[in-house]
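Could you build all of it, start to finish, from the sequences and the hints given here?
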Amino acid sequence: QQPVQSPQAVILREGEDAVINCSSSKALYSVHWYRQKHGEAPVFLMILLKGGEQKGHEKISASFNEKKQQSSLYLTASQLSYSGTYFCGTELDLANTGKLIFGQGTTLQVKP
Amino acid sequence: GAVVSQHPSRVICKSGTSVKIECRSLDFQATTMFWYRQFPKQSLMLMATSNEGSKATYEQGVEKDKFLINHASLTLSTLTVTSAHPEDSSFYICSARDWGSSSGNTIYFGEGSWLTVV
Chain A
39 QQPVQSPQAV ILREGEDAVI NCSSSKALYS VHWYRQKHGE APVFLMILLK
89 GGEQKGHEKI SASFNEKKQQ SSLYLTASQL SYSGTYFCGT ELDLANTGKL
139 IFGQGTTLQV KP
Chain B
45 GAVVSQHPSR VICKSGTSVK IECRSLDFQA TTMFWYRQFP KQSLMLMATS
95 NEGSKATYEQ GVEKDKFLIN HASLTLSTLT VTSAHPEDSS FYICSARDWG
145 SSSGNTIYFG EGSWLTVV
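So the sequences go chain by chain: A and B.
Each number in the working numbering comes from the position in the first sequence (counting from 1) with 38 added on.
Each number in the working numbering comes from the position in the second sequence (counting from 1) with 44 added on.
In short, the hints are calculated from the structure, not lab data.
Certain hints may be false.
As the list claims (entries may be wrong) - Dumping the calculated DSBU-like pairs for lysine-lysine here, alpha-carbon to alpha-carbon at most 30 Å:
id, chain 1, residue 1, chain 2, residue 2
1, B, K99, A, K64
2, B, K85, A, K106
3, B, K85, A, K97
4, B, K108, A, K88
5, A, K149, A, K75
6, B, K99, B, K58
7, B, K58, A, K75
8, A, K97, A, K64
9, B, K85, B, K108
10, B, K108, A, K137
Okay, structure coming up:
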C-alpha cells in the first residue's frame with residue numbers, strides 16, 4: 039500500500055533540474071508533497087487533487103496522473119535550499135480526512 | 045507561523061516510565077488528527093487516527109495499550125507512550141487537516157517530538 043518513490047537519491051549541481059516520481063498501486067484521491075530537512079518536521083510543498091494540477095511555490099511544480107496513479111514533483115533551477123528528503127503522501131479517500139500513506143522518500147542533495 | 049503545535053519538542057525518559065506528547069491545532073478545529081512515527085532515515089509511518097470524542101483507530105501492529113491516544117477537545121490530541129523502552133525512541137509527529145486553508149485541504153504537521161528512552 040505504500041507508494042513507491044523514485045529515484046531514492048539524487049545529487050545535483052545548483053541550477054540543475056530534477057524530477058521525483060511517486061507511484062501508487064491504489065486509486066488516489068490526492069497526493070501531498072513534503073520536504074524534510076534533517077532533524078526537522080516535514081514542510082508542506084503542495085497538494086494535487088483528483089482532476090487538477092497545482093503549481094507550488096518558487097520553482098517547484100507537480101503533476102498528478104490519476105489514471106496511472108502517479109505523481110511527479112519537478113524542481114527547476116535547483117537551489118542549495120532544496121536539499122532534503124522529499125516525501126509524497128497519498129490519500130486514498132477524502133473520507134480519511136487527512137490520513138496519509140508516505141513513500142519511502144527521495145533524498146536530494148544540491149551542491150554548489 | 046505554525047498551525048499545528050507539538051510539545052515537548054524533545055524529551056528524555058527512563059525505561060519503564062510514561063511520557064505524554066501534546067498536539068494542538070492553532071486557529072482551526074480538528075476533529076481528526078493523526079500520529080506518525082519516524083525512525084532515522086526512514087519514512088513517516090502512520091500509527092493511529094485520533095478522533096475527537098471517540099476511541100482512536102490504530103494501524104496494524106501498533107499496540108493500543110502502549111500508545112494511548114486521547115482527543116479531549118477539537119484542538120488537542122495527546123499521545124502517551126506507556127512503559128517506554130529504548131526501542132520506542134523515535135521521532136513522533138502529528139498532523140491535522142485544515143479544511144479552511146487557502147491551499148485547499150492542506151494537511152499540516154506539528155514540529156515533531158524527539159523521544160529518547162534511556
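Sort out which numbered hints this structure fails and list those numbers smallest first.
-> Number 4 - this is the single hint that the structure violates.
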